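Novice: Here is how the chains run, residue by residue.
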Amino acid sequence: YEHRFSPYDFNGGTTIAISGPDFAIVAADTRLSSGYEILSRDVSKLHEVTSKCVLGSAGCKTDVDQLRSVLDIKGKVYQHNHRKPMSTPSVAQMLSNTLYQRRMFPYYAFNVMGGVDEEGKGAVYSYDAVGSFERTPYSATGSGQAYMIPLLDNVIGHKNRLDEKKELGVEELVEIVKDGFVTAGERDIYTGDSVEIKVITKDGIQTQRFNLKAD
Amino acid sequence: MSEVTASIDSKEASNTGGFNFDNVHRNRMIENLAKESNSVLPQATKTGTTIVGIVYKDGVVLGADTRATNGTEVAEKNCEKIHYLAPNMYCCGAGTAADTEMTTKMISSQLELLRMNTHSPSRVVTACTLLKRKLFQYQGQISAALVLGGCDVNGAHVYQIYPHGSTGKLPYTTMGSGSLAAMSVFEQGWREDMPENEALELVRRSILAGVFNDLGSGSNCDTCVIRMDGTVSYNRGDVTPNPVQPLRDAIRHSSKLSISAGTTAVLSTKNQRFAVTLADVDVVEA
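So the protein lines, in turn, are chains A and B. Just so it is clear: in the first sequence, position 181 is 181 by the working numbering, and no numbers are missing. Numbers given in the working numbering equal positions in the second sequence, counted from 1, plus 215.
Rather than coming from a laboratory, the hints here were simulated on the basis of the structure. Remember, predicted model here, so these are calculated numbers, not experimental data. Among the clues, some could well be false.
What the hints assert, rightly or not - Computed list of lysine-lysine pairs in DSS-like fashion (alpha-carbon distance at most 25 Å, straight line): (1) K121(A) with K471(B); (2) K320(B) with K292(B); (3) K292(B) with K166(A); (4) K471(B) with K159(A); (5) K76(A) with K121(A); (6) K471(B) with K165(A); (7) K292(B) with K213(A); (8) K320(B) with K347(B); (9) K165(A) with K213(A); (10) K202(A) with K84(A); (11) K202(A) with K121(A).
Start from the sequences, fold in the hints, and give me the full structure.
Specialist: Rendered as structure tokens:
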């Protein structure tokens, strides 16, 4: 049959975000792929929208790049009009509106947003491709989503467990994130190379890296 | 004088000869049933794969990666893609895992019967012909792309066999989704009459090119050396450049995450007693 031109390409990757009482963690692998090929082993999927808010996006790289530019511009306009940077819940709403504006020709971007809200509490928002969003304690999206979410559900959401729920600190959660990516990297061909992890607190954003398998 | 009987697959080929379309009606019915009940037919596991074969001074070297994929998921991290055909012949397989496995088993069995009938070792061209005839009969429906290599009375040979039944006899060849990555290494490094250590190194480098640059290939490199003097070295896990344990060890697991008894809900318990007799067990190589 005839092959129609498809405007979308899936460039792979997995992103996750976890919120805590006064912090949020957003992490993503750095592999960019197309079909069976690797285009780059070191491309960031994380974008700092404000100093208190990070957007992680997997999907079609060109749509992701465009979406970031659009958010940056809208964020700057807001800052000029209101004389302050956008708060995290406001950025979350703005992203939803931006995605829904393209309801009939969507941004092929699977988003997850993490940051601290006006009270200093950690916030995570998860999205679908056309802007439906929800504030959640944790979220994962992208090609390795199916391997991450059950792990997060059990360890962080404490689902299907009868033992006592324990409070996990920032360092412990970062180690769980690394473990999750090693697992996703084992079974998802699009996840690998390395993980970029950003920890957001009211004092700013810290970035760290962790190497994964390159096969 | 022993007779070579041609009735090896008399059960499959119908007496009218030519193509056998008995299953077309059945397959259509199965597809319709699946559509009606809105269920999905099971997807065949494909192997992604990088497989290679080269002829060197004293024989052939075959190589393969060890990743089997189901779409974009890794179904098996350490599967065996170099299949036994005869004492002097092995075959690497790419494509649908079940197809490569069963096709090579069938031809291996046919070769053994033929050896019994002819009282002589199998020839590589015989295996090639048996494989291509089966694959052509099924018009490409058997998704098996093979690199066949071995040594016989006529020398050392490497063949490439495609799912539709075409073959090529070459000094070096690669197949699978990682074949381009592997072939780029071969084109740069292959020479005629290479010594064994260099031939092995070339095969290893080409498989690793596939493992790291092709997403359908991964994990380890298996190699198999088949020599003209009749010896074979099957090196399972010849190169293992992707261990996951170092990554896991680099993660500092919190003691809070240790799982104690009682974490998982116990719905019911049943205890059963078994009478056990101690005996001496001989371990047999698989």
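Novice: Is the straight-line distance between the alpha-carbon of K121(A) and that of K471(B) 25 Å or less?
Specialist: Holds, at roughly 23 Å.
Novice: Would you mind confirming whether the straight-line C-alpha gap from K471(B) to K159(A) stays at or under 25 Å?
Specialist: holds (16 Å)
Novice: Verify the proposed pairing of K76(A) with K121(A), using a straight-line Cα cut of 25 Å.
Specialist: holds (24 Å)
Novice: Has the given pair, K292(B) with K166(A), been kept, meaning a C-alpha gap of at most 25 Å?
Specialist: violated (34 Å)
Novice: Would the hint linking K320(B) and K292(B) be met if the CA-CA limit is 25 Å?
Specialist: Within the cut-off at roughly 22 Å; holds.
Novice: Keeping to a limit of 25 Å between CA atoms, is the pair of K165(A) and K213(A) held or broken?
Specialist: violated (32 Å)
Novice: Would the hint linking K292(B) and K213(A) be met if the CA-CA limit is 25 Å?
Specialist: holds (13 Å)
Novice: Does K320(B) pair with K347(B) here, judged by a C-alpha cut-off of 25 Å?
Specialist: Satisfied, since the Cα-Cα distance of roughly 14 Å is no more than 25 Å.
Novice: Next pair to validate is K202(A) with K84(A); report whether the Cα-Cα distance is within 25 Å.
Specialist: Distance ~15 Å between K202(A) and K84(A) Cα, so the pair holds.
Novice: Compare the distance between the alpha carbons of K202(A) and K121(A) with 25 Å, and conclude whether the hinted pair is satisfied.
Specialist: OK: K202(A) and K121(A) at ~9 Å, within 25 Å.
Novice: Need the status of pair K471(B), K165(A): alpha-carbon distance at most 25 Å?
Specialist: holds (9 Å)
Hint compliance for this structure: hints 3, 9 are not met, and every other hint is.
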